[in-house]
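Protein chains: 2
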Amino acid sequence: MYIPQASDLPQKTRSILVSEIFGNTVQGEGILIGKPTVFVRTGGCDYRCVNCDSLYAVLPQYRSEWNPMTAEAIFAEVQRLAKYTPLLVTLSGGNPAIQPLESLIDMGHAAGYTFALETQGSIAQPWFAKLDYLTLSPKPPGMIGTQPTKWERLDLCVSYARGTQEDRGPQTSLKIVIFDEEDYSYAKYVASRYPGIQMCLQVGNHTPPHVAQQVDLSGVLNRLDWLIARVHKDQWHNVTILPQLHVLLWGNQRGV
Amino acid sequence: MYIPQASDLPQKTRSILVSEIFGNTVQGEGILIGKPTVFVRTGGCDYRCVNCDSLYAVLPQYRSEWNPMTAEAIFAEVQRLAKYTPLLVTLSGGNPAIQPLESLIDMGHAAGYTFALETQGSIAQPWFAKLDYLTLSPKPPGMIGTQPTKWERLDLCVSYARGTQEDRGPQTSLKIVIFDEEDYSYAKYVASRYPGIQMCLQVGNHTPPHVAQQVDLSGVLNRLDWLIARVHKDQWHNVTILPQLHVLLWGNQRGV
Numbered sequence: 001m002y003i004p005q006a007s008d009l010p011q012k013t014r015s016i017l018v019s020e021i022f023g024n025t026v027q028g029e030g031i032l033i034g035k036p037t038v039f040v041r042t043g044g045c046d047y048r049c050v051n052c053d054s055l056y057a058v059l060p061q062y063r064s065e066w067n068p069m070t071a072e073a074i075f076a077e078v079q080r081l082a083k084y085t086p087l088l089v090t091l092s093g094g095n096p097a098i099q100p101l102e103s104l105i106d107m108g109h110a111a112g113y114t115f116a117l118e119t120q121g122s123i124a125q126p127w128f129a130k131l132d133y134l135t136l137s138p139k140p141p142g143m144i145g146t147q148p149t150k151w152e153r154l155d156l157c158v159s160y161a162r163g164t165q166e167d168r169g170p171q172t173s174l175k176i177v178i179f180d181e182e183d184y185s186y187a188k189y190v191a192s193r194y195p196g197i198q199m200c201l202q203v204g205n206h207t208p209p210h211v212a213q214q215v216d217l218s219g220v221l222n223r224l225d226w227l228i229a230r231v232h233k234d235q236w237h238n239v240t241i242l243p244q245l246h247v248l249l250w251g252n253q254r255g256v
Numbered sequence: 001m002y003i004p005q006a007s008d009l010p011q012k013t014r015s016i017l018v019s020e021i022f023g024n025t026v027q028g029e030g031i032l033i034g035k036p037t038v039f040v041r042t043g044g045c046d047y048r049c050v051n052c053d054s055l056y057a058v059l060p061q062y063r064s065e066w067n068p069m070t071a072e073a074i075f076a077e078v079q080r081l082a083k084y085t086p087l088l089v090t091l092s093g094g095n096p097a098i099q100p101l102e103s104l105i106d107m108g109h110a111a112g113y114t115f116a117l118e119t120q121g122s123i124a125q126p127w128f129a130k131l132d133y134l135t136l137s138p139k140p141p142g143m144i145g146t147q148p149t150k151w152e153r154l155d156l157c158v159s160y161a162r163g164t165q166e167d168r169g170p171q172t173s174l175k176i177v178i179f180d181e182e183d184y185s186y187a188k189y190v191a192s193r194y195p196g197i198q199m200c201l202q203v204g205n206h207t208p209p210h211v212a213q214q215v216d217l218s219g220v221l222n223r224l225d226w227l228i229a230r231v232h233k234d235q236w237h238n239v240t241i242l243p244q245l246h247v248l249l250w251g252n253q254r255g256v
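Just so you know, the protein sequences line up as chains A and B, in that order. If you read the first sequence in our numbering, its first letter stands for residue 1, the second for the next number, and so on. If you read the second sequence in our numbering, its first letter stands for residue 1, the second for the next number, and so on.
Next comes chain A alone, as it looks inside the complex:
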């Protein structure tokens, strides 16, 4: 007997693998820093970044903790956490671009919610055009080992984000996590490749949960200080330089 697989179903009705749904909190990074939001963190990722701060949503050994949920069930939980007042929903991961999120976005929009998605840009989806905000954070070579950025895929993400006749497309930004000079050079290259897209530089946390219990706060702030000076040295003025607010506030705590 043939047992239907998830991949056999039309994409809109396939279930979404969810690692966690939490909030209401504030977005801690990027151009939406400080905005109240509920996070939907999907499970599964095509990358294995050295300094990943959410390996529990990435590594297969956590798969049993990820719930296959319908868009309806996810949206019901989002509404409960938002106390039924429309807000910004942040789709994160893992890599949320793997999941069939289109119907969740449609459902939320109909109720007045807005959607931001964060992805490394290695998987492009036509439904990116439906988002309100898209953050593309391609990873510097040092973060993903020998795996180089697949530029044609990032190009495709940018292309889908331009929108369609029906969907005007999200406000798109690039976010590069920076630990050192090599990462910084990569960010400069990305900026030169996509000159029209808003760029955000984010200082990395070298003490994520799998490395240390306690975040090295002064180390993170020192790196921010260095990064600001580095950017000034190049007279790179049309960029935004930010820390992760949640790391400053809550360290490595999960679910905030």
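Honestly, I wouldn't trust all of these hints.
Where chains are identical, the list cannot tell them apart; a pair therefore holds if satisfied intra-copy or between any two copies.
Said to hold, decoys possible - In silico DSS-like pairs for lysine-lysine, Cα to Cα no more than 25 Å straight-line:
1) K150 with K83
2) K150 with K233
3) K83 with K188
4) K150 with K188
5) K83 with K233
6) K188 with K233
Don't read these hints as lab results, they were simulated from the structure.
Take the given structure of chain A and dock chain B to it, following the hints.
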């Protein structure tokens, strides 16, 4: 013999009282947080806020430190600090709305620079229409003693910021500094009074230079934690909640 007074001259040629010009640094607060900028801090203020972090640009006893400068001289210094690459110039104070800044803005625009101005909104100027960004930060009653907000003046600031046929007007936001529940209530009132304007809540620093040498960082972060919870309790979702990045990074240090 009649000696001409500054106030006799046409506004465009009057000199500007400058407390300090510094940068390149990053904007530490509000909707432009993280953006590289040069600050022009003018001297003189119509307010005496309890927790003012730049009394050296406010109190008359510092007046001898303020330089009367022409727009040309200020812009030359801005260009030097920006290494002759256009960037965001932040006009701050004191209350910069007291000063004749119009020709400085015109001059900078002609060279590709953009301008943000920060003011409490107690003095309105038609040239606000020329700005690229305007941050209005009316002060909660606890911060200015018994002096209540002059709403008709804030209304006029908002009105000028709508622009004219020649100038499309700045991106305007409201920023309220919050220490306690009373300040928070004031912010809620301001938001209800100006529903169309982006609102930013900023946690106050109870350890500014004239109170303490060292900033009470954990106190500031605890207040941020409280403020986020407070906003969530009200399901206030269309607001931005931020700390002062420069306080986290550099404490009470001046000129950064």
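Hints, one by one, checked against the model:
Within a single copy, K150 and K83 get their C-alpha atoms no closer than 40 Å, and across copies no closer than 35 Å, so neither meets the 25 Å cut-off. Taking CA atoms no more than 25 Å apart as the test, K150 paired with K233 passes in neither setting, with 29 Å inside one copy and 43 Å between copies. In the homo-oligomer, the alpha carbons of K83 and K188 lie at most 25 Å apart only across protomers (19 Å), although the nearest pairing inside one protomer, at 42 Å, exceeds that limit. Taking the closest pair of Cα atoms, K150 and K188 come within 25 Å of each other only inside a single copy of the chain (17 Å); across copies the shortest separation is 47 Å, beyond that limit.
In the homo-oligomer, the alpha carbons of K83 and K233 lie at most 25 Å apart only across protomers (9 Å), although the nearest pairing inside one protomer, at 47 Å, exceeds that limit. Taking the shortest Cα distances, K188 and K233 sit within 25 Å of each other inside one copy (13 Å), while across copies they are farther apart (41 Å).
Comparing the model with each earlier hint shows violations of hints 1 and 2; every other hint is respected.
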